[in-house]
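*Asks:* Got chain Z sorted already, so can you dock chain U onto it with the hints?
There are 2 protein chains.
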Amino acid sequence: MSTTKNTQNGGVSVDRYDLHIGSDCNDEKTVVLGVDGGTTSTICVCMPLLHISNNHLPDPPPILGRAIAGCSNHNSVGETLARDTLEQVMMEALSKSGAKKSAVEAVCLGVSGVNHPNDQDRILNWLREIFPKHVKVYVQNDAVAALASGSMGKLHGCVLIAGTGSIAYGFSEDGKEARAAGGGPVLGDWGSGYGIAAQALTCVVRAHDGRGPQTMLTNCILKSLNLSSPDELIGWTYADPSWARIAALVPVVVSCAEDGDGVANQILNEAVQELAVTVKAVVHKLGLSGADNSGEFPIVLVGGVLTDNKNWDIGQKVVNTLIKTYPGAFPVRPKVEPAVGAALLACNFYMKEKEKNGVL
Amino acid sequence: MSTTKNTQNGGVSVDRYDLHIGSDCNDEKTVVLGVDGGTTSTICVCMPLLHISNNHLPDPPPILGRAIAGCSNHNSVGETLARDTLEQVMMEALSKSGAKKSAVEAVCLGVSGVNHPNDQDRILNWLREIFPKHVKVYVQNDAVAALASGSMGKLHGCVLIAGTGSIAYGFSEDGKEARAAGGGPVLGDWGSGYGIAAQALTCVVRAHDGRGPQTMLTNCILKSLNLSSPDELIGWTYADPSWARIAALVPVVVSCAEDGDGVANQILNEAVQELAVTVKAVVHKLGLSGADNSGEFPIVLVGGVLTDNKNWDIGQKVVNTLIKTYPGAFPVRPKVEPAVGAALLACNFYMKEKEKNGVL
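As they're listed, the protein sequences go chains Z and U. Quick note, in UniProt numbering, the first sequence goes up one by one and the last residue is 360. Quick note, in UniProt numbering, the second sequence goes up one by one and the last residue is 360.
Pulled out of the complex, with its shape left as it was, chain Z reads as follows (with noise of 0.2 Å):
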């Protein structure tokens, strides 16, 4: 396999491949796309339809393209912008590829907002309608892409996301699948990113207002958005709805608690406990640890909130938790994308419909 290596959209290390994919692949232009739609950006990559074995997988994947567009949650912008923001990601991602749309075999979408199997069916229905009809097509909730981020396409284990929001979604060997959280700010995703940084805010106003202790978070807080009393935090909630803009703040939050001020320290405490009841529910649901608690299962960690600290560890502290009722729990961080995830789940589901059928 000769690759030549470029480098695309975001400084992702992107790669040409000449295919040879081997004997269970007759066409060796066959392409399958992955997409993660979450509520901030959508990603597409576009790669090459790859049998995995083993868990084995080229390092770094073979990604062809690779095309960045906005939201295409549906609950966020509608259907209509939703499905022609996906429309135009993929067909980037393939153009950048240099394959034809006829070249694609399987598409998989890990898409936030699928929460009920309505959701899914539409955006399925989308799909059949861009793609011819051999063409395989798959809908998933984001959260199942970012699990095969940190599995190799596989669906076994619990994969944990704390961004923005916050969902823990998991798949038993046997196939069976649970969630929980993933609602949103009024559903009380209290681990997220917007959870922490609304309890923060919160903080900063009852320290202002009385109702509770002083805390670091006032000063610093008001220095990060240039603000001069907490009274003006009420404005600047209000001037724009967006929960990115809110969860923003974490690194604020997370500087404080390292620097010992209590009330950040508790508020990240809470988060690791609520995050941490997150993921038991969905185990307990599945059963993933066995009768005794000891089963071996795997728990991917995605998300600013669990990756991108350093001393005060969310992640890490999430995980001790775990590990304490569930010993053989073991934590994996992914090296992939969550989009390239949703490749491999295109790649595995593809397989297995052709195994199934006997054509392979």
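Please keep in mind that the hints were generated in silico from the structure rather than gathered at the bench. Warning: the hint list may mix true and false statements.
With a straight-line Cα cutoff of 27 Å, these simulated DSSO-like cross-link-like pairs (lysine-lysine) come out [to be verified]: (1) Z/K154 to Z/K29; (2) Z/K223 to U/K285; (3) Z/K285 to U/K223; (4) U/K176 to U/K280; (5) Z/K29 to Z/K100; (6) U/K176 to U/K285.
Anything over 12 Å on all C-beta distances counts as not near chain U; from chain Z, calculated [to be verified]: (7) H51; (8) L57; (9) K101; (10) S102; (11) V135; (12) L155; (13) E258; (14) G262; (15) I323; (16) V332; (17) K354; (18) E355.
Between beta-carbon pairs, the in silico distance windows are [as the list claims (entries may be wrong)]: (19) Z/E79 to U/D174: 51 to 61 Å; (20) U/D59 to Z/S224: 45 to 55 Å; (21) Z/E355 to U/N265: 52 to 62 Å; (22) Z/L225 to U/T80: 20 to 30 Å; (23) Z/D121 to U/N219: 21 to 31 Å; (24) U/D313 to Z/N265: 34 to 44 Å; (25) Z/T325 to U/D84: 51 to 61 Å; (26) U/Q273 to Z/Q214: 16 to 26 Å; (27) U/T325 to Z/N269: 24 to 34 Å; (28) Z/G260 to U/P251: 41 to 51 Å.
Quick reminder that beta carbons are idealized off the backbone N, C-alpha and C, glycines included.
*Replies:* For chain U alone, coordinates are given in the frame of chain Z:
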């Protein structure tokens, strides 16, 4: 004083007075405007310029005209629309009262979203552009008008508002003022209608995904929203970001608590504690209860969360909690609406300025 009784907007009793306000007031036709500008609606009343002494006010109060418009919170609808709404509602109330703009002597606006002197100055400037120079104009947070509605325009004591949002606002006898909460949902007004209902929705999702105990709230809330599964709540909350739509679920929570549901009872008990803490922060800052906490002061209760429930009476439980700390505190449930409170404030502010200038 002869009256002709009409019934106007909202079924409110409206009286048309031949004004004989006594020797304090030379011009029989002089009027004041009082405005209550909330997040849901804006109400303006036109009243004769009264000299209120010894908390004496005709019952029912002499309302000459009353008008209702939409939201005038500049944080929610932007400055232009907020200003237009305020001007429109004042002109409509004037027109209904049969008085001319030139008859207006004083205007008091109690507007939500006034959280900073800058907000106050901006709205004062709008009023100065709308009315002739001699008209006295006053701008306050809407909580101040609500306090005045319970105290006949005297600014002493603490008001607690819990409707869609929540806030406590108080004045000491010597004119110091303080507030607590009132920051909206991001900033943690957890005792508010929004806070109670958002907690209830969160508990339904937690019960569904295994993070929390089962609760009657699940069936009752799904039934009231005509949904078939808790998974559908995510789409429902995203579909419309209005807090009032969430807060409208409070009666369902109260009903489940009355039926003995543990989760609903815990939510309401926590709301009671949260609201009591909010009042305590204001009482403490102003020293309203005196050195030994036994001083007498009114706690004015306003808003559907505090006043609409007969069995599980949130307002009464807040008062019971507060009286344990402040035996001299006494609850006041206003008989007039906050817009009338604003009009009474306009009268009082005007008379005080005239007295100060030696005119009266």
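*Asks:* Among all the numbered hints in the text so far, which are the ones the structure does not match?
*Replies:* none
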